[in-house]
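Chemist: Could you put together the complete structure from these sequences and hints?
Chains as they are written, first to last, in the working numbering: chain A, 1 to 373; chain B, 1 to 373; chain C, 1 to 394; chain D, 1 to 394.
Hints listed in this document are in silico derivations from the structure and should not be mistaken for laboratory results.
A couple of the hints might just be wrong.
Claimed, not checked - Some chain D residues near chain B, calculated using beta-carbon distances under 10 Å: (1) P42; (2) F217; (3) T368.
Said to hold, decoys possible - Straight-line alpha carbon distances no greater than 16 Å define the calculated EDC-like cross-link-like pairs of lysine to aspartate or glutamate that follow: (4) K331/D - E315/B; (5) K255/B - E383/C; (6) K145/D - E124/D.
Idealized CB from N, CA, C, for every residue including glycine.
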Amino acid sequence: MQFTFSEDETLLQQSVAGFCTTHGSSASTRKVMETEAGYDSALWRAVMGEMGLGGIALPARHGGAEMGHVGLAIAMMEMGRVLLPSPYFSSVGMAAQAILLGGTDAQRDALLPSIATGECIAALAWRGAGRGHEPDVRLDDALRLNGVAGFVPFGHVADLLVVAARRESGEIVLVAVRANTPGVTIERHVSLDLTRPLATVRFAGVVLSQDDILGSGEDAAAALARTLDLARIALAAEQAGGAEAVLDMTVAYTKDRVQFGRPIGSFQALKHRMADMMVEVETAKTGAYYAACIVDEGSDELEEAAAIAASYCGEAFMGCSGNAIQLHGGIGFTWEHDAHLYFKRARADAMLLGDAYSQRERIAGMIGLEKVA
Amino acid sequence: MQFTFSEDETLLQQSVAGFCTTHGSSASTRKVMETEAGYDSALWRAVMGEMGLGGIALPARHGGAEMGHVGLAIAMMEMGRVLLPSPYFSSVGMAAQAILLGGTDAQRDALLPSIATGECIAALAWRGAGRGHEPDVRLDDALRLNGVAGFVPFGHVADLLVVAARRESGEIVLVAVRANTPGVTIERHVSLDLTRPLATVRFAGVVLSQDDILGSGEDAAAALARTLDLARIALAAEQAGGAEAVLDMTVAYTKDRVQFGRPIGSFQALKHRMADMMVEVETAKTGAYYAACIVDEGSDELEEAAAIAASYCGEAFMGCSGNAIQLHGGIGFTWEHDAHLYFKRARADAMLLGDAYSQRERIAGMIGLEKVA
Amino acid sequence: MRTGFTPEQEAFRREVAEWLDDQLSGPFASIRNLASMSAMMPERREWERALGKGGWSAIGWPEEHGGRGASIAEQVIFAEEYARAGAPGRIGHIGVTLAGPTLIHFGTEEQKRRFLPAILSGEELWAQGYSEPNAGSDLANIRTKARLEDGPNGLEWVIEGQKIWTSLAQYAEWIFVLCRTEEGSQGPKGLSFLLVPLDQPGVTLRPIRQMTGDAEFNETFFDGARTAAANVVGQPGEGWKVAMGLLSHERGASSLAIQMTFRNELQKIIAAANANGAARDPLIRQRIATAHAGLKLMRFNALRTLSKGDNEMLSRESFIHKIYWGTWHKKLGELAMDVVGAPGLIAEGDAYAFGELPQIYLYTRSETIHGGTNQIQRNIIAERGLGLPREPRG
Amino acid sequence: MRTGFTPEQEAFRREVAEWLDDQLSGPFASIRNLASMSAMMPERREWERALGKGGWSAIGWPEEHGGRGASIAEQVIFAEEYARAGAPGRIGHIGVTLAGPTLIHFGTEEQKRRFLPAILSGEELWAQGYSEPNAGSDLANIRTKARLEDGPNGLEWVIEGQKIWTSLAQYAEWIFVLCRTEEGSQGPKGLSFLLVPLDQPGVTLRPIRQMTGDAEFNETFFDGARTAAANVVGQPGEGWKVAMGLLSHERGASSLAIQMTFRNELQKIIAAANANGAARDPLIRQRIATAHAGLKLMRFNALRTLSKGDNEMLSRESFIHKIYWGTWHKKLGELAMDVVGAPGLIAEGDAYAFGELPQIYLYTRSETIHGGTNQIQRNIIAERGLGLPREPRG
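Modeler: This is the structure we're talking about:
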């Protein structure tokens, strides 16, 4: 039992934090978020190359650093703290995991190293464009893809798309297809979360080869489910980082801002609200760390840990970022203050991989609550 | 639009409030609640006789005062404020309404006047002894009653039982049976709410005559449903009164109690908690008044108003009485302080006629939320 | 006590509804059901004029000042029908509900003659100038200054300073400005309530973009702005009293109109939930039912306060409206977003502009802040409603 | 970072589990899975002695003082296995977790020799005397006084005053009492930390009946109570420092044991929900799932703090445990009651004593109050965890 950073992990955390503080200022984030790409390619190269974060949770064989999901969580938490706009979560936290879990050795060898270096940006297209969480892309027996995938983070800059589709039999199939394949169109949207744009990806008779198929049937369904759980855990770390950032921002502001002759941070109503935020922040961090450990330890509690971390951290970040706006008063809901950027990230995060309600319903099943007496 | 007391209503409120203040002290309530009867028969005669509250919502023909359900709400609110221990709600707020709505003219004439004067204490036995809300008493074709009814407030002192049962056909039937009829046994329980004891009523081959049957089938089911809604509205008024009482008690205590060199009521965290309580208290009163008006105006919004008042007022009273314990600190959870009496009343009230969840599910249906797409 | 209306009041309701429907089916069809506060400004100015011409602009004002001396019940009815008809948010509301009543109460005869008719007719719109960057919750901490000076047009107030959250100032002709006119005064003392024309070189506006992407509010800079010496309401130095009288007007019957807007929003949420299947989610059902119940209760809370008339405006329940509706609406915004689901994360076009339901989500974050934060509301409730001791000042 | 244990630690876990199971299947079967804190007292005293004899009473104490010097991981394991085995709540816990560690840290050699062995062996039980009627949240406002006097047994402290919430005092041999020993001193100054025998004429107990119907706590009146002059821990006048050191022990690993109790309660709630159909209610399902998630997170919150060791006990997360578990448990009580439904309104017999699940509902109302109210916890978190400014004193 050593539920605290190892020396390596401490070093990693410090170096990512240092990087994010230097390169993730509010001014630079705001500049980048106004661009069409939505990320800074020089920064991307630095994150993936110099920092080596692209392969953090990958085996060495695929260009990875073997820091595991705790390492990934550390990276995500620090990036979440500054809302670093980049396809990191999409490419490394989602798509690469799908390939690792769902692909053959040959496919991993072929695809993962360039994702790890950042040369190839990948994205996971797994759900339709509506409110639900089901794939809405079909792969017919002639290996043609048709349909729509929605809410793909940084889909518009993806080189490679990992797509969850259904065969005519209804079976899940995971495929990897280059974004520039004829018949693929990608539409970038103006997105609520300004720092992580979403895209809709449309497939119109996209012709695949057998090699593009990562896997089918139960294996693919399991790989997809596990990929989403791993993504939830990585996202939980980001949410915990974001929640901590808005708390720190709010503490600093309320120590400074004077009303009624006192710093407003000395008013008990505000202090207690921030105290409650701190409880949520620390528990969110715990939840993210714990779930990441569970992955690295190969525990069979992974699904449970993912559902716990996702439901807790998602709501904690939404709650804390909402409180941050409230406690900043008038300035808190202006465009020029960063509070809304976190608030919107929190909302988008909470909707990306299924809501807290559905995660808790999963937990209810796991702990033996019967649905029908 | 005159959504405030008329002169008559103001007078009624003042007189009931005066009575309750005089006769409903903590000391006398505590004395009464330790007795087997659980109420004070002299006080009961005064409430029903001198005060004339027994017939407040009944037509003059049945010995009523024709002050309507607003009148009943006023009485319940004041009694709720002091937790006056008496079978008033059970006899007047529940059983009398069931007879009025479900019985024939002859039955009303025979039964209601003595309930109005308080000579006859009636109780409504409508649900089984488990968690659900279905009758668990059966009336066979030979007019024999068998089964169990649970959670009958003051059932142990009832002279007359109005029972909701099912015929062999499954139809609802409402019957009125004297408590001393052979085959009826009534067990008083030590109850969570010390000021309103509950009883279990058992029927073992109780033989009825045709005259004991108030009504059957859809009419009886409708009368029962409406009776429960009227009871919910009366109870909502009690809950609002109880919530206001604990707020006032808490305000008085926190103005007085000094810690850290200040009255604790000057600490913002406590002030704000009490402010939130006040919002709930005033809205609960609004909800009870509004629903009572809706009844008296013969509006078709009665079901909606009952569901709204029940769900809101129930939770408001639970919340406020819980907060009252918290804000009183250590003394708040002692037996000798009254806070727990209100807390327990709030909990019992909220479970007596169906929980807030089920009331909100009713509302969802009324406002057109579809269950199956 | 009763919730219903008399036959005369119901007849009045029909009259209102008919007039509104005529107008909004006819000449003003283009602005019916308009959600944005900043679109279609020329049409909305015309609408203000039409209200004035029809005698519907300020029915609660006394007849001697051009109103109808409408009873509270009639004002309730008008507000409800106005919103039910889908009439647009009033750009004249600061004049009608704040400036006008203040002038009626505190103004000189000359001021009433000068300003009230143009408010009623919709010719002059008003903005308000209270808050400052350092006087948000702590309104008495005002730093904007004015001094009397002889100028080319006689004795004039000359104003220096900055106001913030001045809604609609870009469209308005006049602004009322609470400012410090006694050198060295502090807190609520030494303030005056000035009426200042906006179209002059000494006034500069800077729009404040909100998190919704819209710029509904402005910062207004006064840099030697001028107004005639006579344009002070009440005595110089007694502006606080005037402003506080005005703030209590702000809490009045207007909340009823907003509730009809809320009702329309809730209807849209229900429709969306039925359409996309969210209505089958038991938690969503509970939350929508809670919202519906909360809205009904909000209406009856307001009717309860209004039924007591002006004399008893300080009963406990009169303090709860602002925090109640702000909090209710914020929750409605969260519910709206949860009903829409992930599609709410995507704008409808190329601008940062979302569908109506996600927009509620963003917009409502400000509603527990502006017009007195929930924290300030709770202080007021605790101290004035419950008589709890004040917080020691630092 | 890792959540798992080493093979050596797992071996230790088996050893603990085996010993506990032997005892609780054998001589102590009658007190296995005992919910009440006040029942079966003679057996529980025996149990304390058995723990002492087996060397399990205070495994975290240093070996030189009779403990095992167990690592934090081992303490975690012991606490978990203790609760998992259904071993009874420890009536020796005030001695083992509060008095003992305080003496180890602040006591003289003589005091250690006198008191520690009897705590370890279960021969002497302890009670705590901090709170007073007027020193609840404001602990420094203590009025109980003691002065040194020459008596028949030499120099003695003579104590006058009243303590409240002295749990287990009716069973204990000793109580530690924080009292004012410097005439006219105020606040945290001039207090001393005295060790006082309970069995003497100057001490009177009055049980405090709680809303559950039980009387777990007492008021303890000191009316010329006496203890030897040497029975002061630390310097006279420096009792505050000693008491505060002790309070921080109170927040330690013991929360892990309580979590296993919580786990058992949650299991019972799940079983009840499955049995009576509450498990089909979607909201109940959500709340049970939330409770389960919250409990897991509580455990890992504690492990996170404990993993840092003593040196970093002041990191942010170390402040959250009390408010977290108190609040969690209170919600669990509400959930328990909602799962049981109306049957929870009825006592199981003729006494005011309810089933285990409703009992949680009643009992937990005190848990956000005693040991520092949630309000005080939030002050501590805000000021010490976040560095926010202090509230001005009145």
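Chemist: With reference to the structure, classify each hint as holding or not holding.
Modeler: Results of checking the hints against the structure:
1. P42: violated, 27 Å
2. F217: Cβ of F217/D sits 9 Å from chain B, so the hint holds.
3. T368: holds, 6 Å
4. K331/D - E315/B: holds, 14 Å
5. K255/B - E383/C: holds, 11 Å
6. K145/D - E124/D: violated, 25 Å
In terms of the numbered hints stated before, the structure departs from hints 1, 6, listed from lowest to highest.
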